[in-house]
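Chemist: Generate the whole structure from the sequences, applying the supplied hints.
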Amino acid sequence: MRQGSARWLLILPPLVFLTVFFLIPFAFAFKISLADSIIAIPPFTSLFSTGPDGHLAITATLENYRYLVTDDVYILSYVFSLRTAFFATLICLLIGYPMAYAIARARRFTQNVLLLLIILPFWTSFLLRVYALEGIISEHGLLNKLLLGLGVIHTPLAIMNTSLAVYIGIVYSYLPFMILPLYATLEKLDMTLLEAAADLGTRPWRAFVDITLPLSLPGIIAGCMLVFIPAIGEFVIPALLGGPDSLMIGRVLWDEFFDNHNWPVASAVATIFLVLLAGPIALYQHYQMKDQAQ
Amino acid sequence: MSGRTLPGGLIAVLGFGLAFLYLPIVVLVAYSFNASSLVTVWGGFSTVWYGRLLHNPQVLHAASLSLQVGVTAASCAVVLGTLAAVALVRIRRFPGRLLLTGMVHAPLVVPEIITGITLLLLFVSMAQMFGWPRHRDAITIILAHITFCMAYVVVTVQPRIAGADMDLEEAAMDLGATRLRAFVDITLPLIAPALISGWLLCFTLSLDDLVISSFVAGPGSSTLPMVIYSKVKLGVSPDMNALASLVILLVAAGVAVAGWQMRRAETRRKKEGSVLF
Numbered sequence: 002m003r004q005g006s007a008r009w010l011l012i013l014p015p016l017v018f019l020t021v022f023f024l025i026p027f028a029f030a031f032k033i034s035l036a037d038s039i040i041a042i043p044p045f046t047s048l049f050s051t052g053p054d055g056h057l058a059i060t061a062t063l064e065n066y067r068y069l070v071t072d073d074v075y076i077l078s079y080v081f082s083l084r085t086a087f088f089a090t091l092i093c094l095l096i097g098y099p100m101a102y103a104i105a106r107a108r109r110f111t112q113n114v115l116l117l118l119i120i121l122p123f124w125t126s127f128l129l130r131v132y133a134l135e136g137i138i139s140e141h142g143l144l145n146k147l148l149l150g151l152g153v154i155h156t157p158l159a160i161m162n163t164s165l166a167v168y169i170g171i172v173y174s175y176l177p178f179m180i181l182p183l184y185a186t187l188e189k190l191d192m193t194l195l196e197a198a199a200d201l202g203t204r205p206w207r208a209f210v211d212i213t214l215p216l217s218l219p220g221i222i223a224g225c226m227l228v229f230i231p232a233i234g235e236f237v238i239p240a241l242l243g244g245p246d247s248l249m250i251g252r253v254l255w256d257e258f259f260d261n262h263n264w265p266v267a268s269a270v271a272t273i274f275l276v277l278l279a280g281p282i283a284l285y286q287h288y289q290m291k292d293q294a295q
Numbered sequence: 009m010s011g012r013t014l015p016g017g018l019i020a021v022l023g024f025g026l027a028f029l030y031l032p033i034v035v036l037v038a039y040s041f042n043a044s045s046l047v048t049v050w051g052g053f054s055t056v057w058y059g060r061l062l063h064n065p066q067v068l069h070a071a072s073l074s075l076q077v078g079v080t081a082a083s084c085a086v087v088l089g090t091l092a093a094v095a096l097v098r099i100r101r102f103p104g105r106l107l108l109t110g111m112v113h114a115p116l117v118v119p120e121i122i123t124g125i126t127l128l129l130l131f132v133s134m135a136q137m138f139g140w141p142r143h144r145d146a147i148t149i150i151l152a153h154i155t156f157c158m159a160y161v162v163v164t165v166q167p168r169i170a171g172a173d174m175d176l177e178e179a180a181m182d183l184g185a186t187r188l189r190a191f192v193d194i195t196l197p198l199i200a201p202a203l204i205s206g207w208l209l210c211f212t213l214s215l216d217d218l219v220i221s222s223f224v225a226g227p228g229s230s231t232l233p234m235v236i237y238s239k240v241k242l243g244v245s246p247d248m249n250a251l252a253s254l255v256i257l258l259v260a261a262g263v264a265v266a267g268w269q270m271r272r273a274e275t276r277r278k279k280e281g282s283v284l285f
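Chains as they are written, first to last, in my numbering: chain A, 2 to 295; chain B, 9 to 285.
All the pointers check out, no bait thrown in.
Here are the computed lysine-lysine pairs in the DSS-like style, where the Cα-Cα straight-line distance is at most 27 Å: (1) LYS146(A) <-> LYS241(B); (2) LYS146(A) <-> LYS239(B); (3) LYS291(A) <-> LYS189(A).
Far from chain A, by Cβ distances over 10 Å, these chain B residues were calculated: (4) ALA43; (5) THR55; (6) SER72; (7) SER83; (8) PRO141; (9) ASP145; (10) ALA146; (11) ILE147; (12) ARG168; (13) VAL192; (14) ILE194.
It is worth saying that the hints were derived from the structure and are not from the lab.
Just so it is clear, the structure is predicted and the values come from calculations on it, not from any experiment.
Quick reminder that beta carbons are idealized off the backbone N, C-alpha and C, glycines included.
Modeler: Right under this line is the structure:
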């Protein structure tokens, strides 16, 4: 019995804390997405009320969800977010894979130094790194100065406040998240397989496609999900670097909350967003579990 | 294969990638020493912007709030996260195990804007129902930060606990130590490096968080990232360059020192271990 109660001293604090502050909030978001927007504090109606005869009355509406379909901006921003996250992830993979490969094949000491260089940005402030990027790609930034100085261009490139800046921002911020899981699988790769293939006369390119690539698939999936999932919900990057047309869902949510004060619609947007994310998250978890089981 | 020369193309991509990761930070730090108030023109070396920061009450107030929130949230998250990790590793079966597993990992993949909104709705609804929290202030920010930081603690600490040798603890218990005593004296020192890195990770994440804090903070409680965001939204400014440089250099120094300490402790333990056994 003593053993049993001690167990619960261990289990209950984190279980209760996360239930209250992580799980239950989703229930509230869903509840408020079924409420009406009113001008009050807080700016939404109550679902449950007691009528004059003492009966409990429930007033729920799907109006907010209908509104999401009728106003273009929500569908457009979902599509834009998915598209941006997809292509940014692809660019991260194309840059990150060779980098991870090179690190995995370097000498021990070099490998540790390179890994530290990849991990360090992960520890530095995300907001400040996005801000730092502005110094490079803004109208008077380093890139334009360099290209103008070299005579490559004659008028400064307008990168800031465009979708291109959002792509650069996402790749810049999330590249380490792509490299680390890729490195982890590539480092474990059994090199004798490649040597055997080479002995049998396989060309290096062929061996890469047939051996290295399939074996590093878990790393590719983990890396892509670690970039793709947070990139869809990104707020700071489109807000600081993007233009008025960089309508990502995170930004729409932010504006709906802080500028329009329409909490019920924002809750509906958040609910749908979470449902859309369930697929990629489940895929990621599935591969994580499989990886841990091995 | 280790040590064999790499194709030049690979090295070029690696170099380009690293330059891409570091150049913006180097430029930012360099321009924080720019005497000119025009961010585009180099006007000579100066530390004037660092001096200005020390006389900016808004920045100082926000920095002190952020430090308080960071220390408190990181400490609570380490305690709760370690409890969760021990429970998940040591107790094979208990009701709610699956729920706990899901909840400790999910915050890693749920976008922070969703976490922020749902937590705000929770606090508002709780205030309606129980009259608490009456105001949104440091407490609500701390609770929110603990929620998303815990996941990182579990991820860092769990493998350590799983790798810790149970035999030593059992030996201690055979010699009469209580289970708690055995854990505190034997396993805790073994997992200490993971606890420290988990704490540091939480602290830097908390210090950096803009989105979640913006939702759960009340009018009078702006954290450092919130102040920085409201300024840099308007464009590059030299005093923000100075502030950013300070934060980046402090964090980099902290991480380097912690990493070095942990590595030293690890090698020392390995050496002692090999002498002992």
